[in-house]
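Going line by line, the protein sequences match chains A and B.
Note that the UniProt record's numbering has the first sequence beginning at 1, numbered continuously upward.
Note that the UniProt record's numbering has the second sequence beginning at 1, numbered continuously upward.
Think of the hints as simulated: they come from the structure by calculation, not from any bench.
Treat the numbers as computed from the prediction; the structure is a model and nothing was measured.
Be aware that one or more of the hints could be misleading.
Any copy, or any two copies together, can satisfy a pair, since identical chains are not distinguished.
Below 20 Å or equal to it, Euclidean Cα-Cα: the simulated DMTMM-like pairs (lysine to aspartate or glutamate) are [said to hold, decoys possible]: (1) Lys-108 / Asp-71; (2) Lys-93 / Asp-105; (3) Lys-108 / Glu-44; (4) Lys-108 / Asp-86; (5) Lys-108 / Glu-90; (6) Lys-108 / Glu-140.
2 protein chains.
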Amino acid sequence: MAASTLTEVARLAGVSPATASRVLNGSARIPGKDIAERVRQAAESLGYIPNAQAQGLAKSSSGLIGLIVHDIADPYFAAIARGVQDAAREQHKMVLLATTEGAPDSEKEAVAAFAARRADSIVIAGSRTSRAEDLGGNTELAAELDRYCRNGGHVGVIGHGIVGAAAADGYHVVRVPNEELAAQLATELAASREEDFVIVGGPEGLFTSDDRIRGFQRGLASAGLPAADVIRTHFTRAGGFEAGLALAARIAASQPGTEAKRLCIFAVNDVMAIGAAAALRSQGLRIPRDAAVAGFDDIETLRDFRPALSTVHLPLEEIGRQAASSAAGPSADDAGSPPITGQVILRRSTEVAHPSSTESVA
Amino acid sequence: MAASTLTEVARLAGVSPATASRVLNGSARIPGKDIAERVRQAAESLGYIPNAQAQGLAKSSSGLIGLIVHDIADPYFAAIARGVQDAAREQHKMVLLATTEGAPDSEKEAVAAFAARRADSIVIAGSRTSRAEDLGGNTELAAELDRYCRNGGHVGVIGHGIVGAAAADGYHVVRVPNEELAAQLATELAASREEDFVIVGGPEGLFTSDDRIRGFQRGLASAGLPAADVIRTHFTRAGGFEAGLALAARIAASQPGTEAKRLCIFAVNDVMAIGAAAALRSQGLRIPRDAAVAGFDDIETLRDFRPALSTVHLPLEEIGRQAASSAAGPSADDAGSPPITGQVILRRSTEVAHPSSTESVA
DNA sequence: CTGTTAGCGCGTTCAT
DNA sequence: ATGAACGCGCTAACAG
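Sequences and hints are given; from them, build the entire structure.
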């Protein structure tokens, strides 16, 4: 009852397994026109499906590309996954998924599992961390990756490289200019307003978050503004919401004093920004009237959110694609892919004032 | 340089490969306390990682569970994927991903690919279709699935069964009561208003869409209301947007006449509803003032959308989990999982009238 | 151009 | 309790 094998096909076609193999997959020429047809028919009638495990064993390569994300339901990762999937299709490979919640030790496990399956390459998305508590985990992860690379595996990491990972062969990093873009966002934001800036960031040690915070502060500084307060919270919508609640209180408290200075809140990613905005709204505050809010990533699903969220567009899908194909080795153009760039997008959530007031002042 | 093998470990430990195998995996007893330890150390020092391909070949099972979705970046599928992933983790398996854009022939390919990899089970999400143009594809898909099942594979389909698929062993369907829930939504909506209803549906033949349309109409009928107009469009945000544009025109045109009857728009999924809402807004219309809008699915990422979208909550993650574990065979409780249920959630997007007007009329 | 012989790395009978 | 031998399904060297 088990699926029919190549040998059976060969027997039915009256040829040797080797010949059948040559016909059903493409190695050298197989102009045995007549033979080829017989084999094909035999395969067809038997409903033959090659056993990829066996093929993999024989060729020691699996046609698999492993993808590691924090959470596939997070639109950020989902977008990247789509890019990886695209690249996989081009390479005629399949993608193997692992979600890790960002824990280095379960990332290590995932890498080991991928290695066990002899994945041709591994893509790691999700920000790296440098927290003390993750130090051990990071080291082990780096070791695991190193071993994987040494055994011929290819790795594509998105954002920062793994802490402590040697620049081994087959180890690629798709850099995302988080810091520069955040600085640019701050600059553009600062150019048209005179407000107090606040940053809602992720836990300290999260590279992506830290980079964006640093960049934003730098942008502020170069605009001659003081550094913004930083609220540390979870790198999620819930975290953003929590911070938003605190900020709402702060706004309410300061209103009687000097109502002139509106708050401009920069959340280090869109999901957090949405959370913060929701919190403000739940407290009766309105955006951008009572506070401005900006995010980062330009998540597609969030584009219909109102007021439209100012953010930094990142080509997530392209990032995923690059990570997956850089790991596949320099293909046609060995010049490598173009560096990732983003783009500041100012929308309604950070509008400076209602047209009416602008007009009246002017 | 290739990864070290079990044989090498065995040699280093001074035992036979068989013994090493018994130690490193759990088959029978391995009380060779001293031996076991030696083997483990050898494995450790060599950085031994079992070759899953070889294991799979030997045991003819792969620890893989295949997942087929239209688009992993669609939050609907992403949520299901998370559930599948959870189930996979519990089963100590990994998830293989395939995206097909809903095309039956590429779904067939995906099934074949999964079969080739000897996936232990396959989960198919994404609505089935009965369009004439897909007939051939569906038949082939059904045949492929049938063969897969006959070879011992397990299949879990979400929503409707594959058209033409025999109720083979190992073929499970996680039913989603789309029709009932849509009817319920219509009933609740109809109870508190006197409006013209319009349905924004997907292309004809899409089961999920058709079920929801049918159910909604039924609900309307049982409330003594006439059937709603149905606008057919793409099952995506873009489709919803397009329909929304048309509806905006319709609203604008009818306003001079009888301004009493507001439109209540039911889009067969949340993403389309959001698209429609965006279109209305782009034409200067406001929700729920100028029109009510409802969706279906209760996508998590969309919950912060304003006005809050009335919809039908579906336990997407649980659905994915069930599909993945039903396919794993009746586990602990052979009573099977509880049937999927949803819940109508009325939010602001379908509010009947502003408190003020309600008051003044009363 | 085709058939034969060896493994790929591991699990699993059999003996011992 | 341990080791030897065989086979999982396929590909890659060699023969012919």
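Starting from the hint list further up, note which numbers the structure goes against and sort them upward.
-> Violated hints: none at all, because every hint is consistent with the structure.
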